Structures are given as C-alpha cells and as structure tokens.
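Colleague: Using the sequences plus the hints, can you model the full thing?
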Amino acid sequence: MKTPPRLARWILERALPADVREDVAGDLEEAFQRRSRAWYWRQTMSFAGHFIFERLRERRGQATMSTGMSWIDVKLALRMLVRYPGLTLVSVAGMAVGITIAAAASTIVYNLMDPALPLDDGERVVSLISRDVRTGNSERRLLRDFSVWRTLRSVEDIGAVRTASRNLIVDGGRPEPVTVAEIQASGFRVARVAPAMGRAILPEDERPGAPDVLVIGHDVWTRRFGSDPAIIGREVQLGNARPAIVGVMPEGFGFPENESYWIPFRLDPTLYEPRTGPAINVFARLAPGATLETAQAELTTLAGAIAAATPETHADLRASVVPYTYAYTDMSDPLAAITLRAIQTAIVLVLVLISVNVAILVYARTATRQGEIAVRTALGASRRRIVGQLFLEALALAALSASIAVGLLSAGLSQLEGAFLQIGDGRLPFWISVQMSTLGLLYTVALALLAAVIVGVVPALKATGRRVHTGLQGLSSGSGSRMQMGRLWTALIVAQVAVTVAVLPATLFQAWNALRFQMGNPGYATEEFLTTDLAMDRTLEGPATPAGERAFRQRYGFRTAEFERLLESDPAVAGVTFSLAHPGGELAAVIEIDGMPMPGDPVDYNIVEGSRTGHFVRFNRVAVDYFDLFDVPVLMGRTFQPADAAASATRVVVDRRFAERMFGGINPLGRRLRYVGRSREAGEGNVALGPWFEIVGVVSDFPPHVDETTEPRVYHAVDAASVYPASVAVRIRGQAPSAFAGRLREIGAAVDPGLQLLDISSAEEARTREQGLMRLVGVTLVAFILSVVTLSAAGIYALMSFTVARRRKEIGIRAALGADPGRILASIFSRAAWQLAGGATLGMLGAIGLENLLDGELLRGRGAVVLPIVAVFMITVGLLAALGPARRGLRIQPTEALREE
Amino acid sequence: LPGTTPILGEFETLLLLAILHLHEQKQEAYGSAIRDEIETRAERAVPRGSIYVTLDRLEEKGLLTSREGGTTAARGNRPKRLFSVTPAGVRAVKLAVGAVTRMQRGLETVLGRL
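Chains as they are written, first to last, in our numbering: chain A, 1 to 901; chain B, 1 to 114.
If you are wondering where the hints come from, they were derived from the structure by calculation, not from laboratory data.
Keep in mind the model is a prediction, meaning the values are calculated, not measured.
Ideal placement from N, C-alpha and C gives every residue a C-beta, glycine not left out.
The reader is advised that the hints may include incorrect statements.
[Stated by the list, open to error] Take a look, some chain B residues computed to stay more than 12 Å from chain A by CB distance:
1) Ala42
2) Leu55
3) Gly62
4) Arg91
5) Leu95
6) Arg105
7) Glu108
[Said to hold, decoys possible] If you want a taste of the chain A side facing chain B, the calculated C-beta under 8 Å gives, among others:
8) Asp27
9) Asp316
10) Ser320
11) Leu842
Modeller: The following block contains the structure:
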C-alpha cells in the first residue's frame, strides 16, 4: 500500500472544505495507488486552487461589505508599483535576491536532509550505519557486524554493497575505468525496480564459483553499447573477470547511489575480523509494521550484544537505522544536521533583514499618503480595510520579487547542478534533484508571503494607528507629511547600519576570496599538463594478507615503471612525474621543529587536530623530478636526488612560506622537523612522534598560496612505485593536452589492461571546473552585498527625507533670519551622522564579537583593516543618501515655510 | 426556488447523467467513479477539483442526495460519499437534454449526421 506524500496530504486537508474533505481525499488516495507521487502533487495543487477559488467566489457577496477587498484594490496596488518606480526597483531587486538565496539554500538543505527517495515506498528504505562516538567518525568496515545484523526481524531484504573502480574493455577497445557496485541481490528487491531487459542479480550469482555476471544501466546500454538489442549474453572484460551481461536496468535507476554497473557481492562476511575488511554500505527495507524506532530498538539490543562480545573494537561503536540517504550525506551526524539548519535559518534571517529595509521604505511612502488615508477613513473605510489595502500593495511588491526570484532560482540552480555534476564526476546521487521543484516553488511563495507581511502589515498598522484627523488637518494646511518617523524607525536605521557593518566585512571577505581564487595564478603552465590518478584492478575475494599486499605492490611497481618509460619515449611527452597529491591538494599534518618551542601547551598533544598545538603544515610525497617538471624555482639549497627517495631517507624540501613562517628569515637549511602523530591511533594521551627529517632545500610556493590561511608545505621524495594510488602529471608539448588523453589510455592499456587511469583531465580543465563553483559563490555574495548596501542607502535616504520634511518650517525661519547655509546643513547632517556613527560602532563591536566567537575564522586577522573600511563606507553611503534631502531643505523659501502655518 | 426546475449547465448535465449510468450498472456513484464514467463515455478530460465543487452545488440545489459509503485501506480508511439523483434532478436532466435535442432539430445538415 502506497502512502501519498505527507506534505501534499497536509496541504490537501487544509485546502478542502470540511464537508467534502474525507471523500475527496479518499478518492484521491485510492486513485494514487496506480499513480506517481508527482501526480498526487499536481492533483493537490489543482484541488487547492479550485476550492480556494470557489470559497472566494462564494464569499464575494458579503466580503465587499466587511473586509472590503476587491479588484479595485488589486488594481490600485499594481498602480502603486508603477507610480513609485524607484521604490519598486530597489525593493523588488532586494527582495528578489533575498528570496532567491533563501530558496536556493533551502533546496540544498532539503536535498541533503529530507530528500524523497524516488523509489516505491521510498521512505521505508533505510541504511544501517555505525559511528565511533569517541572520534565522531562513521565506521564502514562493517562486514562482521553485517553478518550479525542479518538476523534483524524489523527489517527485510537487508543487504550490503561496496563500490570499486574497474577497467571495462568492450570488444578489445580502450579500457575505461568505471565505478562498479558489488551488490547483494536483495538490493534490487529493496529498490523494487525490475530490469528493463534480462534479469537483475540473483542470490545464486553470489555463490563462490558461480559464473561472472554483470547488470548494466540504461545510460551505459545506449552510450557504450549503442542500444544493442542483443546485449543479453554479451561478454565484456571487467578488471580481471569476464562477466556476461545478464540484464539492463531501466533509465534513471542508480541504486545504491549513482552506479551503472552491478556485479554480485561475493565477500563472505564471516571471514572478517571485527572492524576489518573493505568499507561497505548496508541497506534494508523496514519490515511491515516496523518503524525506524522499533528497528532502532532491535538494532541497539543486537549491537549491545556485539559490543559485549568484542569490547576492544566495538565499545565506542553505535549502530543506527537511518533514512536511506543519510549514509551517503552524513546527515546522521547530529552536528552536521544542526549546522545545516542553522545556516538555513541564518539565510532566512537575511531575507527578514532585507524585508525590514523595504518596510522602512514603504513606511516612508505611506507617510506621504497620510492625507489619502485620512480621506478614505473619513469616507467610512475601516482600519482593517486600509491595512488590507496596504498589505495588498506589499503583496504586489513581494509577488513581483518572487516571480523574478523563481527565474533567478531556476537559472542559479541549473548553474549549481552543473557545478555539482563537475565535482561529482558527472553524476549526482539518484535521489538528488537540484531543479526547481513544486516544493521549491511553494517555499518561494511562503518566503514571499513572509516578506509581504513584514513589508506591508507592520508599516500599515503603524500608519493607521494614530488619530487620523491630524492627517486631515495636515491635508488642509498643505504641509504634506505630519506622520512622525518614530523612535522605532530610528532604532531600525541604527540597527540596520549596525547589522550591515557587522555582516558585510565577512561577506565581502568571503566574496573576495571566492573571486580571487578564480583569478588566482596556478603557478605553472596548466595549458601544457594532463593529469590523471593511477590505480590498478585488484579483486579481493577474502581478507587481505600481508603477502598478498606485498605481491600487489610489487606488481604495481613494475607496471608504473613501464608506464613511465613508455610515456617518456612518446614524442609528444616532455616529461612525467608522480606524486601522492596533485599540486594544491597536499595533505594536512602537524609537525614540530627541533629546538623550537611548540606553540601552545605540549601536554595537549592529544587534541592536536582541534587546538593550536604543533605547526599545521601540508605535505606531499613527490617523485625526484617533480619540481623540475613543473619548473618550480629553487630558492635555497637543492631539490631531491635519487638517493633521497629511499625508504630510509630523511631529507625534506620545504616551500618559501615554510621558511618565512617557521624561521622568519633565518637560514632553515640543516634544521630538523618531525611529525606529531594523531593520538587517535596511538591511544589515549599518547603522542606518536615520527623520525626527524632534515631540511635540504627551499622551493618557491607552488602553487602560490591563495591567502595567509593556507599552510606551509613540506615535500618528501619517493619513487613512483611507493605511492598508491598515484597522482600523475604528464607535460605535453606541441599539442593540446586534452588531445593526448586517448593516447594516454592506449599506453596504459599496453602496459596492463588492469591499469586504471582515473579522472584524466587537462590541468586547465580542472582549474576551470573549480573556478565555476567559486564564481557562482562570488557572484551570489556580490549580489547579496549590493542589495544590502542599496537597501541600506535607500532606508537612510527615506529617513533623512522625512526628518528634513518635518523641519521645513524651522529651516525656513532660520534661513529667513539670515542663518549661514553651512550651519543649517550641518544641523541637518548631524542627526544623520549620529545615527550612522552609532550604528557603525555597534556593528563593529558585533563583528569583533562574532570574530572572537568563531575563532577568527571569518576575517582571519584582517578585521583591523576591513572593519574600518566598511564602517567608513556605510557612513559615506548614509551621508550621500542624506545629501539630496538636505539640499531640498536649503531650497525652502522662508516665505513659503512661514505661509504654511 | 421550490417547484421550479433549475436550468443546468453542460457539465452539471454530464455529472447527473454519469450518476444515472452508474446506478443503471448497479455500481457505486462516488467521485472517482463518476469521473471515470464521464471520461470513458464523453471522451473528455475532467479536472477532479471541478467534480467535487459541482457535486456540492447540485446537492445544494436539491438535484442530488449523498450518503456515506464504505471504506477501504486503499483510501486511507476514509469513507466514500455515494450520490444519487433526486426526482428533481431527473426532471432537470430531462429538461436539459430535451432542450438540446429540440434545439438541434433542423440543423442536421450543418451539424452532420448525429
């Protein structure tokens, strides 16, 4: 029995009138059994529309008398948009940006936290995970646990899956590394998806010695096999095996994550020691009648028994049953979930901030219409009606913003999806949809309503709350606005400047970083390099043994040497080098330097990661010719020699930043450093100290550090065979690197069909890929900054206008009495200056507080420079906004001002 | 007003006819079934929302009556609402269908063979 989407059902029940609710909802649920969730959503929306419209139509008769909303008001509201184009432009731009950012953030959060699994009865599909409560890390070496979990009664079709990279060779063509899911047959039962052709994996395929079989995805069937109708039974080379294709899954099927190749899972869980073996994922479906809670209770009992039997490995492990996707998005970590929710809330608060700004503007406009409001009241309009009309005007603004936001959002989301796809190697988990969804649309509407309430109702209540006849008096004397810009609004202006000053520097700084990263100099000729990650097929049918490991590494060593030799003999290749990580992707570590005190308390070594003990560095293991191939200049000493690559060698090369940071200009050559191990492996309170390494050379920063926050680098020499998997950089001459990709694969295949060349890309492409995402971040932040600054300026402008308008008479009299224009101007400006300065001071204090709270993460020590700049900037913007009203004040003719009395 | 037979809209007529059909076939006349009946016989798509709104209106006019029917698990244990046409409803349908039939007389050449 399928249950309809909960949110849709909730909306439907609210939209339906009580007398028909039961039978309509029942009919719909009955029909839903044969239909999709999307269908149910469409029906819900169509019903909601119908019944709300019908209710409005029925009420229209009495409605015009009481609340009095009519088409005239709607028309009036639309006309206001046109009559105040400046206000419309500023508010709509601001709110559109705010709504877009808030809705985009929510789409991402939704996809991570509560995505609907697009499988039949998807909410009952679960993952069984385990987490080490001491380290907070998730534990995926679960084979042994899995062998026990299989006895659980509250879940059914429990199964295990692991993914591996294998070389696929079709008809003797070029090998292509593909991701293969080794999955138990129950996976296909859990997903409840039948193959489009042939069959899925069956339990008998999992028996040792059974013929090798392969099930492929629809995309691969069309792209790689030309939609061959006779695909079933065809044999391909997959790693060391030669499976026959037995089935094709339908389009869009990507269980467990986004795979297109499935082979049987043949590891015997009972052979593995606790917490050993490969990383696996465990999936299942809740048994009929079971819930997450009952399944969790049963699992907790079972896990308790395991922990009692093997306390040395399992004392800190907590097993849990979670919604399926949590195993992949790490949302089972409560901290991650809270962080995400906090970010989402913060972003919605930004929208509130923007709306408050717009509210100030709208209030200012309402003030100019005090006369109109008074007349309408005199003619018998109730307060409710006037507030309603002002709300409609705000709604018109919000609706316009929301429709622009929808446009921006769908453009932005497809950009985002593009960026995600690039990062995710062209594939996203099958349940993620970074598209404009019904839910996203609903959320946008809700945000727009929130904005409209802030923008419309608050100023309207304030504007109509006073005795209106003063408005009428003001009207008759022709003095324009008499409405007070109350203390509340002054406070709001101050608060707004404060918040802007507090938030802007960090945003500015992050935007600057994002954009600078994009413009950053890679430090080498990226247009000449092709990079790839080198691995080798390895099929383990049981636990790894030391002898097996040695044999594998030896074979890998031979293959690498041969690969390098063949590459270097190719006329298009200028050179090849190997390293543990690609330039810029070095790994983090903590070191201490001989004869130099450790920063922080040495007793706290065991919290090395989170505290400031030790020096944070990045390290890389590189081939001897690494620096030569990338043309990295040597500043002092020397680079590596072949002898430095021996396993027992103790010589390291550091970069310029290392020399400057650690030694401050003193010659670092000959000084020693060692690694401070993480105590997690070494045991409570212990510190694992590595051997000493001697610094023999200093090279220039490669690639250049993006800013002060990136750590200095340490390099070790290794021979190519001892890094696995290896990052390979090939320097190409005389042609575009991407044109060499095919040849690279051929060479790899010639060495060994099992040699995997993963993620071949030109260094230039890799750079563009990263830049795309950073640009999106940068542009979003800049749009946000612009809208905040514009709105702040507009809010201050409005406030200034009214302050001056209220003081017309005073200014006129002072001018008539011969007061110096400069002094009048000064008195006008002084009020603005006080508010601005007050706001700026509060804002700076806030920013400093925030900075301390986040351990200097936001501004990274730049506060002293950035904060005053932003404060001065905001004050300048405010004063400029006050300039226009001030000049208008000066132009008041004394006679005119006096006559107004 | 009591005593007078209201004039039906086209969709209202189709609804009443569908209910009469279902009764003839000894089937339950509830929302989904009525819709299916119209879709198969009249060969046109019917938005669900308008069905319920119109059924309500017809009931208010006294052309239909409804009572609570049985529930099934597939409906989330919600009861069906079963409709039947009142004598006034039958009169109204006759009137509407009769009017259409009379109106088309003499237009056979324009409308083609009906």
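Colleague: Now look at each hint and say whether the structure bears it out.
Modeller: Verification of the hints:
1. Ala42: holds, 19 Å
2. Leu55: Given that some Cβ of chain A is not farther than 12 Å from that of B/Leu55, nearest at about 8 Å, it is violated.
3. Gly62: holds, 16 Å
4. Arg91: Per Cβ check, B/Arg91 is outside 12 Å of chain A; nearest 25 Å; holds.
5. Leu95: Since the minimum Cβ distance to chain A is about 25 Å, B/Leu95 lies beyond 12 Å and the statement holds.
6. Arg105: holds, 36 Å
7. Glu108: holds, 38 Å
8. Asp27: Hint on A/Asp27: holds, closest Cβ of chain B at ~4 Å, below 8 Å.
9. Asp316: Constraint on A/Asp316 not satisfied, violated at 44 Å.
10. Ser320: violated, 30 Å
11. Leu842: violated, 53 Å
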